[in-house]
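Colleague: Residue numbers (my numbering), protein chains in the order written: chain A, 64 to 176; chain B, -8 to 163; chain C, 8 to 373.
To be clear, the hints were calculated from the coordinates, so they are not data collected in a lab.
Computed from a predicted structure; not experimentally measured.
We put the CB at the ideal spot given by N, CA and C, even for glycine.
Fair warning: there could be bad hints in the mix.
What the hints assert, rightly or not - In silico BS3-like links for lysine-lysine, alpha-carbon gap of 27 Å or less:
| no. | chain 1 | residue 1 | chain 2 | residue 2 |
| --- | --- | --- | --- | --- |
| 1 | C | K352 | B | K156 |
| 2 | C | K133 | C | K300 |
| 3 | C | K168 | C | K98 |
| 4 | C | K352 | B | K18 |
| 5 | A | K88 | B | K103 |
Unchecked claim - Using C-beta positions, here's what the derived DEER-type ranges look like:
| no. | chain 1 | residue 1 | chain 2 | residue 2 | range |
| --- | --- | --- | --- | --- | --- |
| 6 | B | F(-1) | C | I186 | 27 to 37 Å |
| 7 | C | E251 | B | L91 | 50 to 60 Å |
| 8 | A | N165 | B | F87 | 40 to 50 Å |
| 9 | C | I322 | B | F147 | 22 to 32 Å |
| 10 | A | R159 | C | M43 | 47 to 57 Å |
| 11 | B | F(-1) | C | T46 | 34 to 44 Å |
| 12 | C | T333 | A | N165 | 34 to 44 Å |
| 13 | C | K98 | A | R159 | 37 to 47 Å |
| 14 | B | F147 | A | V163 | 24 to 34 Å |
| 15 | C | T46 | A | R159 | 29 to 39 Å |
| 16 | C | G197 | B | L145 | 18 to 28 Å |
| 17 | C | A318 | B | A158 | 25 to 35 Å |
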Amino acid sequence: MELEWFVYLSLILFSIGILGVLTQKTAIRILFSVELILNSANINFVAFNSYLQSTTSGTVIDQYMGWVFAMVVIALAAAEAAVGLAIFISLYRNFREIVVANIYELAESEEDE
Amino acid sequence: MVEFFDFFFVINALFIVFSGLGVLFAKRVMQSALSLIFTLVGVANVFLLVNSEYLWVIQVSVYGGGIAVLLLFAGRLTSNEEDHFSFDRSDFLISFLFVLLILANLFVFISKSIPSQRGNIYTTDNGQLLLRQFFTNIWQANQGLGVILPFIALMFLAALLASVKLAIKEDE
Amino acid sequence: MSDSPISSFIQQVSDLAVQAISSFIPKDLKGGLPLMLVTIAIGSYIMILQLLGPFVERKVMARQQGRKGPYYVGFRGILQIPADLGKLLFKEDTRPENADWFGFFMSIYLIGLTSIMSFAPLPFSKALVGGNMSIGILYVFAIFSIFPPAMFIGGWASNSKYALIGGFRSAGQLLAYEIPMFLSILGVIGVVGSFSLIDMTEYQILNGWFMFKYWGFGLLAALIFYVAGLAETERIPFDIPEAEAELVMGPRTEFSGWRYAIIMMVEYVHLTVNSLLFIYVFFGGYDFWPFGKSNNPLIESWRHNELVQVATITIKFFLFVFFATTVRTAFPRMRIDQLLSFGWKQLLPASLVAMLGILFFAGVFS
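Just chain A, with the same shape it has in the complex (with noise of 0.2 Å):
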């Protein structure tokens, strides 16, 4: 295994997600994509740790530095998927749809007035 390897697999499911984001139609599945993305820049982490861990010597922190980034991406990554859900739901609520391109008013939705 070389650093090359784990930088191109990362490289490819960045690209996967952003394809996502551009393309998909409702919320939930740009969320998906937006998942895949995190967990590319999450490889990258440490990937480059353990390069690192094998090159130089620094104390310990400096050598966890990496896995403890892509600890921080995780937690973000499930504190994103709550405050998702609950905007989700409050969407299709007042939309009955969560397609964003449809999603346009700033206001609520006119039948519940």
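Mind docking chains B and C on chain A? Use the hints.
Modeller: Relative to the frame of chain A, chains B and C by itself:
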């Protein structure tokens, strides 16, 4: 000489890429979510390849368990039956070309920059060292890795409050 | 070593058994082959245990209800469970008309695969373990956490309202009880300083079982872990997902034939693994003497004997099957809102209190 872990990496990478494509092109939201779970577990196996067992645990239990259930709930509660994936030809072509452009750009950039510092990935042992570092620093002065824990906790609190505020239906 | 005749006899028997087992294994095996043989041995042993689990449960439950239980197949009905399994395997394999084939197949595969994968770090004696990895018990928790989404997908994919409602309930319940379950063992992990189940057991051999220590906080943590474990296995006081009076069989409604066999197997594998986890963390693992180091050399030599360790953990496992059965006969089912509020509002704070109490009395803060 192909080593076992190289072989495993290639298989795992193919698994990740195909299930990642499955997330985009699956017909129903459920199949898409199932592919997403497979992709996340594949990424967890990449963590295992660089001996980060502790990150494997976090990835599988937080992503594969918690986040997957949240996303599945969101998908089931908000999806209509006609919510299938379909191609919108011109849109899809334009975005595909755009992504190809990004991919080519980054590919050239990476292949120019990495071979100058080419090196094998080697791994030191176990995530327990990380964990011990993490927890010993909480009790000591606020320095080192323990300093990020309050930020994560605050972020979770904010997310929890926000989602409760958003999701509770107000009676009027 | 002691010079008591019984002790030396046990020692001789154990040596003979070890020689007999090792004579089957060629000496010059390379790579991971010995490990693979050990893994196969442990896996088959756990599978046999979990096949006997439902038999013991049915017998005990029948006695407690004044019946006789399975009686005809084999000696006093001991082959009843394999006979049921064979019957299920030859039944027709049906799929509902509008079910989603991908989710319908994949959920069963995921459930079966993850339940069997969770055997890996469970030790049966100090040497007899599949993989003593650094993450130990966290591995079991991580593997278990795949179960709720798989069950939810299974309920969603079968395109039936009962299965869907059951899937919702199952996922909500499992998520709610996973967190107190983990928090209750966090204190023990902090005291031992390791995730490995072997390290936990060895610590308890030296210092006494965690259940009876720390001025009752160990008992509190053990109780929380046991209740949460019962909820994780979806057994009777907590079997809301498949409440048969409301939802036919919960998320399992539409599965038949070998799929149903796998689901039943997974249910008892969960019972097995949860009992074993409880035994390792709070109940002394493969150790039979609950008071720490003893002055009697006989006890000391027996508790480090591998055969005695295997026998101890087997007996403890059947004891816990008996407990689970008694709970099943004795308690009525809870309602879904009672269950969720019990998990989030009472069990979660109590587990935090238990964790802090254990850490305080173990002197981690000082």
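Colleague: Could you tell me which of the numbered hints above are not met by this structure, giving the numbers in increasing order?
Modeller: 4, 5, 8, 9, 11, 12, 15 and 17
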